[in-house]
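Build the full structure now, drawing on both the sequences and the hints.
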Amino acid sequence: MSTYQSVSGHSGAGIDILNDEIKQYLLNEPLGDNHSVFPRPVLFKCIPHIDSFTASGYTREELKMVNETRKIFGEPNLLFCSTTIRVPVMVGHSESVNTEFMEPMRAEKAIEILSNPMLLSGVVLVDGLKANEYTTSPSIDAYERNYTVTSDIKKDEWKDLVLVGRVRDDMTAPNTINLWCVSDNLRKGAATNAVQISEGLIDRGLL
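As numbered in this note's numbering, residues 250 to 456 make up the sequence shown, in order.
There's no promise every hint is true.
DSS-like mimics (lysine-lysine), calculated; alpha carbons at most 27 Å apart, straight line [stated by the list, open to error]:
no.	residue 1	residue 2
1	Lys379	Lys272
2	Lys403	Lys379
3	Lys294	Lys408
4	Lys379	Lys408
5	Lys403	Lys294
6	Lys379	Lys313
7	Lys294	Lys272
8	Lys404	Lys379
9	Lys358	Lys379
10	Lys320	Lys358
Worth flagging that the hints you see were computed from the coordinates, not collected in a lab.
This is the structure in structure tokens:
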């Protein structure tokens, strides 16, 4: 998994830094050298460095992704590798996910599962063919697809959901698919998610 994490994933200070850099750029000023939040200016950059590095060469954020995923699945030996990247986006995290299954799995089956709200509450599939509004070539139009970007989380119907798309078979390995996820890291990633987890615990009589 590679994550593309917005500046708000750090803090409100991350948003302030990006806003300052935008103003500096528009005024044709040098970008600030404030390294208290990010290791270098974030405007126009993708920085593969979130939190501090460890002796393994992975960052603490990358190892946290591994450990938390293993804990969620209850699989302490789950094979998992992560690269975490800070991107110049105010709010909204994105993920590129490659997943190998022990049982037979194809993109068509994954799409069927992801399309079923009874199986995956809180997830919405945004995928499939669409008419291309940017080109006029029929040969290109025929393959244009729906997908999501971080600005989509501003839509009222999607702000508390995980948006999934670009579901496709991995051409290098069997029972392996690739997909793309987008969500609001402040709402779904934190505040709303905490409420939903509590509601789930109450429904199960655990809280």
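Against the structure, the hints:
1. Proximity of lysine 379 to lysine 272 is assessed by CA-CA distance (about 37 Å); at most 27 Å being required, the pair is judged violated.
2. Proposed proximity of lysine 403 and lysine 379 is supported: the alpha carbons are some 21 Å apart, at most 27 Å.
3. For a cut-off of 27 Å, the pair hint linking lysine 294 to lysine 408 stands: about 26 Å separates their Cα positions.
4. For the hint pairing lysine 379 with lysine 408, the CA-to-CA distance comes to about 23 Å; that is within 27 Å, so the pair holds.
5. Note on lysine 403 and lysine 294: the hinted pairing holds, with a Cα-Cα distance of about 23 Å set against a maximum of 27 Å.
6. Between lysine 379 and lysine 313 the alpha-carbon distance is near 37 Å, which puts this suggested pair outside the 27 Å criterion.
7. For the proposed pair lysine 294 and lysine 272, the alpha carbon gap of about 16 Å is at most 27 Å, so the pair holds.
8. At most 27 Å may separate the alpha-carbon atoms for a hinted pair to count; lysine 404 and lysine 379 meet this at roughly 20 Å.
9. In summary, the hint linking lysine 358 to lysine 379 is supported, as the alpha carbons are separated by about 20 Å, within the 27 Å threshold.
10. As the CA atoms of lysine 320 and lysine 358 are separated by approximately 26 Å, the hinted pair is consistent with the 27 Å bound.
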